[in-house]
Amino acid sequence: DQQVKQNSPSLSVQEGRISILNCDYTNSMFDYFLWYKKYPAEGPTFLISISSIKDKNEDGRFTVFLNKSAKHLSLHIVPSQPGDSAVYFCAALTPGYALNFGKGTSLLVTP
Amino acid sequence: GAGVSQSPSNKVTEKGKDVELRCDPISGHTALYWYRQSLGQGLEFLIYFQGNSAPDKSGLPSDRFSAERTGGSVSTLTIQRTQQEDSAVYLCASSSHAGGMTYEQYFGPGTRLTVT
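Sequences listed follow chains A and B, in order.
Convert by adding 296 to the 1-based position in the first sequence; the result is the number in our numbering.
Each step along the second sequence adds one to the number in our numbering, with nothing skipped, and position 26 is 13.
A couple of the hints might just be wrong.
[As the list claims (entries may be wrong)] The list that follows gives simulated cross-link-like pairs (lysine-lysine, DSS-like), each with its CA atoms no further than 25 Å apart: (1) B:44 x A:399; (2) A:301 x B:44; (3) A:399 x B:-2; (4) A:399 x A:364.
[As the list claims (entries may be wrong)] So the derived label-pair ranges between C-beta atoms look like this: (5) A:349 x B:0: 25 to 33 Å; (6) A:350 x B:101: 38 to 46 Å; (7) B:0 x A:350: 43 to 51 Å; (8) B:70 x A:357: 39 to 47 Å; (9) B:1 x A:313: 27 to 35 Å; (10) A:392 x B:14: 22 to 30 Å; (11) B:14 x A:304: 32 to 40 Å; (12) A:392 x B:-8: 20 to 28 Å; (13) B:28 x A:372: 19 to 27 Å.
Read the hints as simulated data drawn from the structure, not as lab findings.
Given the structure is predicted, the values throughout are model-derived calculations rather than measurements.
Note that CB positions come from ideal geometry on N, CA and C, so glycine has one too.
The task is simple: from the sequences and hints, build the whole structure.
In structure tokens:
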């Protein structure tokens, strides 16, 4: 049973525009969330995280928003760059400290 | 410093054979995780080691899978009597859990396992 869902398998955005990647979760016990970026043939790289005590966390071009009541989070990338093209995974920290991952969204930023 | 390393990077094996995958975590990281990513899927948790505590094996898909972590550092994931559905990229991650609310896990490049 998929507890972290990324319903858009792919997204295409023009360079300079905003990329918005969405993630939904079903388990209300989750209280810490992370976004990872993955290039082909490489391991995932940590991008940004958010605790449930916050509704927003910003790091440079990356901002994560958390809506606890809707069990929804989103990653905003502004402005998008061609080097941002990768697969983005949303993950929730389980009580046992493992990460529960979504299936990923493949982002393509076109020049 | 050095990141998480894994070996081999690629492994092709025949159905029914045993395989061993190795992970060297970041020095000083007390927590080590194994995940796998099958084609078109997200990362699936397998097992978690934290210090000297008993490992969390709740994600292992069958008793053909086992893992060890010797001396609190290097870990080996063993798959016995491999099946074609075991084909996946096996990823290792480590983290420090050292103070604060930092739970980021740092991943190695993975081992691509193909069972023929």
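Proposed proximity, residue -2 of chain B with residue 399 of chain A (alpha carbon, max 25 Å): 24 Å, holds
Consistency of beta-carbon spacing, residue 357 of chain A to residue 70 of chain B, with hint 39 to 47 Å: 43 Å, holds
Outcome of range test on Cβ distance (residue 349 of chain A, residue 0 of chain B; 25 to 33 Å): Given a distance of about 46 Å, which is not inside 25 to 33 Å, the answer is violated.
Cβ distance range 19 to 27 Å for residue 28 of chain B and residue 372 of chain A, holds or violated: 25 Å, holds
Outcome of range test on Cβ distance (residue 0 of chain B, residue 350 of chain A; 43 to 51 Å): 46 Å, holds
Straight-line alpha-carbon gap residue 301 of chain A to residue 44 of chain B, limit 25 Å: Roughly 24 Å between the alpha carbons, so the hint for residue 301 of chain A and residue 44 of chain B holds.
CB-CB spacing for residue 313 of chain A and residue 1 of chain B relative to the 27 to 35 Å hint: 49 Å, violated
25 Å limit on alpha-carbon distance, applied to hinted pair residue 44 of chain B and residue 399 of chain A: Since the Cα atoms of residue 44 of chain B and residue 399 of chain A sit roughly 22 Å apart, the hinted pair holds (cutoff 25 Å).
Beta-carbon spacing of residue 392 of chain A to residue 14 of chain B - inside the hinted bounds 22 to 30 Å or not: With Cβ atoms ~24 Å apart, the hint holds.
Distance restraint between residue 399 of chain A and residue 364 of chain A, which requires alpha-carbon spacing of 25 Å or less: 21 Å, holds
Assessment of proposed distance window 32 to 40 Å (beta carbons of residue 14 of chain B, residue 304 of chain A): For residue 304 of chain A against residue 14 of chain B, whose Cβ atoms are near 38 Å apart, the range 32 to 40 Å holds.
Outcome for the supplied range 38 to 46 Å, where the beta carbon pair is residue 350 of chain A and residue 101 of chain B: Distance hint for residue 350 of chain A, residue 101 of chain B holds at roughly 42 Å.
Checked against the numbered hints given earlier, the structure breaks hints 5, 9 and satisfies all the rest.
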